[in-house]
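Using the supplied hints, reconstruct the complex from the two chains, each of which is provided in its own coordinate frame.
Quick note, the sequences are listed as chains A and B, same order.
In terms of my numbering, the first sequence is residues 1 to 140.
In terms of my numbering, the second sequence is residues 1 to 414.
It is possible that part of the hints are untrue.
With a Cα cut of at most 25 Å, we get these calculated DSS-like pairs of lysine-lysine [claimed, not checked]:
{"no.": "1", "chain 1": "B", "residue 1": "K48", "chain 2": "A", "residue 2": "K49"}
{"no.": "2", "chain 1": "B", "residue 1": "K48", "chain 2": "B", "residue 2": "K352"}
{"no.": "3", "chain 1": "A", "residue 1": "K60", "chain 2": "A", "residue 2": "K85"}
{"no.": "4", "chain 1": "A", "residue 1": "K60", "chain 2": "B", "residue 2": "K147"}
{"no.": "5", "chain 1": "B", "residue 1": "K313", "chain 2": "B", "residue 2": "K352"}
{"no.": "6", "chain 1": "B", "residue 1": "K82", "chain 2": "B", "residue 2": "K147"}
{"no.": "7", "chain 1": "A", "residue 1": "K60", "chain 2": "A", "residue 2": "K83"}
{"no.": "8", "chain 1": "B", "residue 1": "K48", "chain 2": "B", "residue 2": "K147"}
{"no.": "9", "chain 1": "A", "residue 1": "K49", "chain 2": "B", "residue 2": "K352"}
{"no.": "10", "chain 1": "A", "residue 1": "K49", "chain 2": "B", "residue 2": "K82"}
{"no.": "11", "chain 1": "B", "residue 1": "K82", "chain 2": "A", "residue 2": "K140"}
Here are a few chain B residues that face chain A, going by a calculated C-beta distance under 8 Å [to be verified]:
{"no.": "12", "residue": "F37"}
{"no.": "13", "residue": "Q38"}
{"no.": "14", "residue": "P45"}
{"no.": "15", "residue": "A46"}
{"no.": "16", "residue": "K82"}
{"no.": "17", "residue": "G293"}
{"no.": "18", "residue": "S296"}
{"no.": "19", "residue": "S300"}
{"no.": "20", "residue": "S304"}
{"no.": "21", "residue": "T359"}
{"no.": "22", "residue": "P369"}
{"no.": "23", "residue": "L379"}
{"no.": "24", "residue": "I382"}
{"no.": "25", "residue": "V394"}
Simulated from the structure, these hints should not be mistaken for laboratory data.
On a predicted model such as this, the values are computed, not experimentally measured, just so you know.
All C-beta atoms, glycine included, are put in the ideal place defined by N, C-alpha and C.
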Amino acid sequence: MFIKIRRDTLIILILAFMLILSGRLMTYMAYASSTGTDQGVPISGVIIKGNDIEPTDIIKANIANQGFRSGSYIVGDTLVTSKAKVPLSEAISNAETAATYSPIPGTQLYPISAASITVDKQTGIVTVNVIEDFSTVVVK
Amino acid sequence: MMNAASATLNCIIITDPTGQDPNGAAAGSMSFDENMFQSTFIFSPADKFAILSGGVDTTSTTGGINDTPRLSAVISSINILKANGTAQAAASVANSYTGQRLVVGGPTIGAALTGTSGNYLIVVANDGTITVTPYSGGTAVLPPGAKGAVMHLLHTPGNPQNDNTSAVGQATAIMIGQEIRDGHSATDIMGDVFKKVSIESGEKYGGGAVNIGSGISTADMFTPSELNQTGYPMDQPYVKVDNISGWSVGYPTADSYTTSPIDNNPLQVVYAYDALRSAITVQQTNVTVFSYGSDSPGISATTSQVVSYSVSKHGFDANAIANDINSAISSGLLIGVYPVEPSNINIQTATKQVGVYYTPLTGGRTAPPWNIPISSSLLDTIGNLQTAIGLIIVVLVLFRSTLISSFSRRRKKL
Numbered sequence: 001m002f003i004k005i006r007r008d009t010l011i012i013l014i015l016a017f018m019l020i021l022s023g024r025l026m027t028y029m030a031y032a033s034s035t036g037t038d039q040g041v042p043i044s045g046v047i048i049k050g051n052d053i054e055p056t057d058i059i060k061a062n063i064a065n066q067g068f069r070s071g072s073y074i075v076g077d078t079l080v081t082s083k084a085k086v087p088l089s090e091a092i093s094n095a096e097t098a099a100t101y102s103p104i105p106g107t108q109l110y111p112i113s114a115a116s117i118t119v120d121k122q123t124g125i126v127t128v129n130v131i132e133d134f135s136t137v138v139v140k
Numbered sequence: 001m002m003n004a005a006s007a008t009l010n011c012i013i014i015t016d017p018t019g020q021d022p023n024g025a026a027a028g029s030m031s032f033d034e035n036m037f038q039s040t041f042i043f044s045p046a047d048k049f050a051i052l053s054g055g056v057d058t059t060s061t062t063g064g065i066n067d068t069p070r071l072s073a074v075i076s077s078i079n080i081l082k083a084n085g086t087a088q089a090a091a092s093v094a095n096s097y098t099g100q101r102l103v104v105g106g107p108t109i110g111a112a113l114t115g116t117s118g119n120y121l122i123v124v125a126n127d128g129t130i131t132v133t134p135y136s137g138g139t140a141v142l143p144p145g146a147k148g149a150v151m152h153l154l155h156t157p158g159n160p161q162n163d164n165t166s167a168v169g170q171a172t173a174i175m176i177g178q179e180i181r182d183g184h185s186a187t188d189i190m191g192d193v194f195k196k197v198s199i200e201s202g203e204k205y206g207g208g209a210v211n212i213g214s215g216i217s218t219a220d221m222f223t224p225s226e227l228n229q230t231g232y233p234m235d236q237p238y239v240k241v242d243n244i245s246g247w248s249v250g251y252p253t254a255d256s257y258t259t260s261p262i263d264n265n266p267l268q269v270v271y272a273y274d275a276l277r278s279a280i281t282v283q284q285t286n287v288t289v290f291s292y293g294s295d296s297p298g299i300s301a302t303t304s305q306v307v308s309y310s311v312s313k314h315g316f317d318a319n320a321i322a323n324d325i326n327s328a329i330s331s332g333l334l335i336g337v338y339p340v341e342p343s344n345i346n347i348q349t350a351t352k353q354v355g356v357y358y359t360p361l362t363g364g365r366t367a368p369p370w371n372i373p374i375s376s377s378l379l380d381t382i383g384n385l386q387t388a389i390g391l392i393i394v395v396l397v398l399f400r401s402t403l404i405s406s407f408s409r410r411r412k413k414l
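For reference, chain B alone in the conformation it holds in the complex (with noise of 0.2 Å):
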């Protein structure tokens, strides 16, 4: 039997049809439902386009909540767009399933939302004139090359909250055309989306989101941990941070600390809807850092800070890159990797992301290895030779006195 999963919120917002803003567009999907796993917000960085899906299938023989269909659809959906389809033929899929919804979408393929009810259209045409349509079934579609977005919310049985749902609905839609209009990016009105959503439904378990322009997804950030459970509530804390040294804590750790136990500095505490919008916004000091060639701990985490650091000060320059990890290779602060060479980094400026690639050193080594002009071999056997030697004569001289007269007596029989 498939776990379902039924996402009440879907959406997806592009604010930049051309392709080039790589903040520019954006999906994520919420529910007040168990088992929002990533399967519900499916994106492909290569062919840049995401798949939300969600919907009960009510024809169920077993009683329960049949998952099938949503999948099915998901896979012809993919199929489609893979096939350079439209995302009007791709959304409609879900028509020819029983209460399925699909919401699909990209930043230059624009987006549509196929479903039963509680579905806007938002367009924002060039001089600013916003126009929401409610659907209630059919399929909503926005044109490749329009600004913005397609909306699903729904109230989830169980949700102890009142249903508010049509009137949210309608105020992020407005919500989203507003901001749109004023010039937002895509991946920062999603924030304020979940913000709004979580907050005043109660719809609000992740579930996640992603960027679909720049292939950044929140992945398991806020999903569930195990089958049949929620994921983590949008409306509340996730981390709190300090702003000066950077040190940050998870709850429910993060209740027992008040202030940063680096430098004593208060913590910042940070909401998920504010870690949902930083980690899927691509930002000017926001470097996505990828290493490559060792799994080591540690390899990660400091090299994306050594790089973050670089840019910051030098600019996307691969020269300057590579100085500086190679710096904290012979200084210590990144062990059992080769220094590496400006053509071993890989930059992508339009996304802000950096590749490393490492060649890792062998033998559990943790330094690179010394260039000396005489071969390790002859200088390995000279040292034993050297060390036997030494030996020797100290065996000699301890047993100096005996050696000596025992010579003598014998010289002296001859």
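Chain A with its partners taken away, still in its complex shape (with noise of 0.2 Å):
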């Protein structure tokens, strides 16, 4: 052998290792077992209501613009997404304006006259209630 060791110490090496394993295991279960988050809560979904013309996909498309998307958190009350740090209420009313720019394909039909979203801090779905009007849309 190279290196000479007593047995005890080698005893307490082995102590110690398995103190620090079953520490780390502790900590990882303590994790696994944890509902709590510490980088925000993701946004997980973007549900889409009231629309029956207009497709979905093109309302989702304009609310992912305003932040609303994959890869966005929320921290507290700030939006954070990968271009911008934006308050929350700020990103919404942004969203609630984009909503309404939503044509219908081929068109400049604009049919949604109203947008109201709501966003679960805890779970990060967005919630988006629409209102689809054609009596008011106006043909350029």
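Written out as structure tokens, the structure is:
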């Protein structure tokens, strides 16, 4: 052997190793069983309600452009996106405006007259309620 | 300046005026022209109607095609239908615009067509008598409760094929009548109409079609991707599929594949009209799955596979579907979501649609948290404490001899 080591030293070393290993294992278990988060709540899904003729994808894309897309997350009252940090209330009002600029594909008709957005800060689910109204659509 | 779209095939087929059959009403638009966006086959899943439009206002002063009258007509038509107006009233709107055409219909409201020429009304009586009436001008009406179809077909200027649309239109109208009489469903007939018209008349660019009763659309499958372009040619191959593993590849990439890279099975070519047919047809084995609550990549595709498998095995049973989804979650097939309960699964048996509502996991986790009787913060503290003690012991052991000797030297001094 290259290193001479006393037997009781070896036993203490093994003991220390086991202590560290089980300690790390316990912290992992603590992480795996915890439900809280440290990094904020990610935007997990966008649910669009109230549209009929207007395709859901178009509204979803417009909302995503205002930061409500996968990869963004909420810390306190701030929405952190891949591009910027904006106050959540500002992001919501921007997205509500953006939703009304959803055209029927291939036209410049905007049938969404109003939108209201609620963000669940626990689950990160964004619910967009839109009002589709063809009686006020302007044909240019 | 608005982009113009002048659909040359507009067709609404109603085979089940009671609205019971999920495939009982279909509508579709196609043209040789450019810009066949979804605005040419607008439909309302909630109120179950479709509005197809087309036509050219040749009185435009700018020289180009003016699309504004068409869109105004469509908007007025939508407003009439939203206010529970009849199909006839909604289609007649086109009369107040020059050169416009509106084709309106739904499973229970019947169908109506107003336009200048190349129009056909197909009515199939209960005793199997087929009546095909050509219309040029005025409004063709298929009354609510009747089986039949309304169709428009015209030649687009610039289409290199000879103008044979009146012959093709007539033959297609008769084919529709015969297939309705023989009990085919509307979505199936729509596939045949797209096939016949695209091959024989060359009015072939999508466009798209909708299943009005079940609220399924081909959406942007065949529409142009940019302004002033044509859509997908409906008489061409659309995708190559391996029927055994389900692997598929779209064109033009599909040109370089002859066998499936998974199991070397020969690939079957699916033409665009057949892709359209299967996209709008609700089948016993063909479940439409919607997943909500998580936009993570893979969730919706995997859910759709798990649910189709579950339905083919156990039928439309929320408990069985929830079980299968949960086993997919615990085996790591679906990640980033909490297990679902049967109440999170919404089943529409009539239209073969299943909605799955997920609760996403927070903090970028992939698996649901474990259920441990000890609180996680206590466990975290103990774990860290143990690690620290372990590290201290290692340090102490390494400097054991030095520590002992210095300790004993100090004792000696005392």
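Status of each hint after checking the structure:
Pair hint B/K48 plus A/K49 holds up; C-alpha atoms about 17 Å apart against a cutoff of 25 Å. Distance hint between B/K48 and B/K352 is fulfilled; the C-alpha atoms sit about 17 Å from each other, no more than 25 Å. Distance restraint check for A/K60 and A/K85: the Cα-Cα separation of roughly 20 Å lies within the 25 Å cut-off, and the hinted pair is therefore satisfied. Pair hint A/K60 plus B/K147 does not hold up; C-alpha atoms about 38 Å apart against a cutoff of 25 Å.
At roughly 15 Å between alpha-carbon atoms, B/K313 and B/K352 fall within 25 Å of each other, so this suggested pair holds. At roughly 23 Å between alpha-carbon atoms, B/K82 and B/K147 fall within 25 Å of each other, so this suggested pair holds. A C-alpha spacing of about 18 Å is found between A/K60 and A/K83, which places the hinted pair at or below 25 Å, so the restraint holds. Our distance criterion of 25 Å between C-alpha atoms is met by B/K48 and B/K147, whose separation comes to about 17 Å.
Distance hint between A/K49 and B/K352 is fulfilled; the C-alpha atoms sit about 21 Å from each other, no more than 25 Å. Proposed proximity of A/K49 and B/K82 is supported: the alpha carbons are some 18 Å apart, at most 25 Å. Proposed proximity of B/K82 and A/K140 is supported: the alpha carbons are some 22 Å apart, at most 25 Å. Interface hint at B/F37: satisfied, since its Cβ lies 2 Å from the closest Cβ of chain A, which is below the 8 Å cut-off.
Interface restraint check for B/Q38: the shortest CB-CB distance to chain A comes to about 4 Å, inside 8 Å, so the restraint holds. Hint status for B/P45 relative to chain A: holds, with the closest Cβ pair at about 6 Å, below 8 Å. This hint holds: B/A46 has a C-beta 4 Å from the nearest C-beta of chain A, less than the 8 Å allowed. With 8 Å as the threshold, the beta carbon of B/K82 comes within range of chain A, its nearest partner Cβ sitting at about 6 Å, so the hint holds.
Given hint, B/G293 at the interface with chain A, holds; its Cβ is 5 Å from that chain's nearest Cβ, closer than 8 Å. Taken as an interface hint, B/S296 checks out: its beta carbon lies about 6 Å from the nearest beta carbon of chain A, inside 8 Å. Taken as an interface hint, B/S300 does not check out: its beta carbon lies about 10 Å from the nearest beta carbon of chain A, beyond 8 Å. At a threshold of 8 Å, the smallest CB-CB gap from B/S304 to chain A is about 16 Å, leaving the interface hint violated.
Hint on B/T359 holds. Least Cβ distance to chain A is approximately 6 Å, under the 8 Å limit. Hint status for B/P369: holds, given a least beta-carbon distance of 5 Å to chain A, under 8 Å. At about 4 Å, the closest approach between the beta carbon of B/L379 and any beta carbon in chain A falls short of 8 Å, and the interface hint on this residue holds. For B/I382, the suggested interface contact is upheld, since its CB lies about 6 Å from the closest CB of chain A, less than 8 Å.
Interface hint status for B/V394: upheld, as the beta-carbon distance to the closest one in chain A is roughly 5 Å, under 8 Å.
Checked against the numbered hints listed earlier, the structure breaks hints 4, 19 and 20; every other hint is satisfied.
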